[in-house]
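Q: Chain by chain, the residues run as shown.
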Amino acid sequence: GNSVTQMEGPVTLSEEAFLTINCTYTATGYPSLFWYVQYPGEGLQLLLKATKADDKGSNKGFEATYRKETTSFHLEKGSVQVSDSAVYFCALRGPRGRRALTFGSGTRLQVQP
Amino acid sequence: NAGVTQTPKFQVLKTGQSMTLQCAQDMNHNSMYWYRQDPGMGLRLIYYSASEGTTDKGEVPNGYNVSRLNKREFSLRLESAAPSQTSVYFCASSVGRNEQFFGPGTRLTVL
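Protein sequences appear in the order of chains E and D.
Anchor point for the first sequence: position 80 equals 80 in our numbering, and the numbering is continuous, going up by one each time.
Anchor point for the second sequence: position 78 equals 78 in our numbering, and the numbering is continuous, going up by one each time.
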């Protein structure tokens with residue numbers, strides 16, 4: 001079946017530091033890949049997505065590239081802000097059939113001023 | 001637009017009690033989902049409804065039932081709550097296989 005593995009957190013960074021959160025996946029075929037963000041006390045929001053190999057998703061300074069050869073979708077940001085403190089979830093949806101998402105366990109990011 | 005709304009926000013139950021979690025969306029989405037979020041495990045799908053009148057089991061359906069009341073509303077029922085059902089429950093909706101929009105969650109504690 002499908003699965004998503006994320007690096008464990010928490011990740012603690014100083015403001016303006018470079019961020020990488022690793023995500024690898026297992027799936028048959030060519031899944032769609034997503035990053036969701038959850039701010040304290042809120043539901044999940046879609047941050048970015050990529051639907052085919054070599055696609056790069058980007059939003060709010062965050063980027064992730066769909067790497068089929070390494071089955072990865074790592075999240076990066078060049079300069080984090082305190083307001084980026086949240087939990088980040090990597091997720092996939094299979095290429096056919098069920099519409100639901102398979103999520104990783106989440107990575108908590110704490111950015112200190 | 002309110003998006004996806006969930007009630008209640010918090011609930012404490014005793015083992016064996018029953019309750020229904022309510023979810024509604026005003027985006028005219030055809031698909032709706034219930035997930036549970038547990039520490040260190042991400043979100044896991046309980047049930048989903050691809051369209052009005054249909055429901056299907058997800059990864060962890062045991063102990064739950066659902067009702068797709070109409071296109072807007074999708075409820076989750078716990079008939080006899082157990083401590084293992086202590087979790088945060090999220091409802092989501094989408095148009096087909098497009099982006100899923102999530103509600104703010106219901107934090108449930110079963111004593």
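None of these hints come from the bench; they were simulated from the model.
Hints are not guaranteed to be accurate.
To be verified - For lysine to any residue, the following SDA-like pairs were computed, each having C-alpha atoms within a straight-line distance of at most 20 Å:
(1) D:Lys57 <-> E:Pro40
(2) E:Lys49 <-> D:Asn98
(3) D:Lys14 <-> D:Lys71
(4) D:Lys9 <-> E:Gln112
(5) E:Lys52 <-> E:Ser85
(6) D:Lys57 <-> E:Asn2
(7) D:Lys9 <-> E:Lys68
(8) D:Lys71 <-> E:Lys60
(9) E:Lys56 <-> D:Ser80
(10) E:Lys49 <-> D:Lys9
(11) E:Lys49 <-> D:Ser80
(12) E:Lys60 <-> D:Gly96
(13) E:Lys52 <-> D:Glu99
(14) E:Lys56 <-> D:Asn98
(15) E:Lys68 <-> E:Ala27
(16) D:Lys57 <-> D:Met27
(17) D:Lys9 <-> E:Gly41
Q: Given the proposed pairing of lysine 52 of chain E with serine 85 of chain E, does the C-alpha separation stay at or below 20 Å?
A: violated (28 Å)
Q: Is the straight-line distance between the alpha-carbon of lysine 56 of chain E and that of asparagine 98 of chain D 20 Å or less?
A: Holds: lysine 56 of chain E and asparagine 98 of chain D sit about 18 Å apart, inside 20 Å.
Q: Would you mind confirming whether the straight-line C-alpha gap from lysine 49 of chain E to lysine 9 of chain D stays at or under 20 Å?
A: Distance ~29 Å between lysine 49 of chain E and lysine 9 of chain D Cα, so the pair is violated.
Q: Between lysine 52 of chain E and glutamate 99 of chain D, does the CA-CA distance stay at or below 20 Å?
A: OK: lysine 52 of chain E and glutamate 99 of chain D at ~15 Å, within 20 Å.
Q: Starting from lysine 49 of chain E, check that the Cα of serine 80 of chain D is at most 20 Å away, please.
A: With Cα atoms ~38 Å apart, lysine 49 of chain E and serine 80 of chain D exceed 20 Å; violated.
Q: Hint check: lysine 9 of chain D vs glutamine 112 of chain E, CA-CA at most 20 Å. Holds or violated?
A: violated (29 Å)
Q: Given the hint that lysine 68 of chain E pairs with alanine 27 of chain E, test it: the Cα-Cα distance must not exceed 20 Å.
A: Distance ~11 Å between lysine 68 of chain E and alanine 27 of chain E Cα, so the pair holds.
Q: Holds or violated: lysine 56 of chain E and serine 80 of chain D, Cα atoms, limit 20 Å.
A: violated (46 Å)
Q: Taking 20 Å as the top limit, are the C-alpha atoms of lysine 57 of chain D and asparagine 2 of chain E close enough?
A: Holds, at roughly 16 Å.
Q: Against the 20 Å threshold, does the CA-CA distance of lysine 9 of chain D and glycine 41 of chain E hold or violate the hint?
A: holds (10 Å)
Q: Please verify whether lysine 71 of chain D and lysine 60 of chain E have alpha carbons no more than 20 Å apart.
A: The hint is violated at about 33 Å.
Q: Are the Cα positions of lysine 14 of chain D and lysine 71 of chain D separated by 20 Å at most?
A: violated (32 Å)
When held up to the earlier numbered hints, the structure conflicts with 1, 3, 4, 5, 7, 8, 9, 10, 11, 12 and 16 and fits the remainder.
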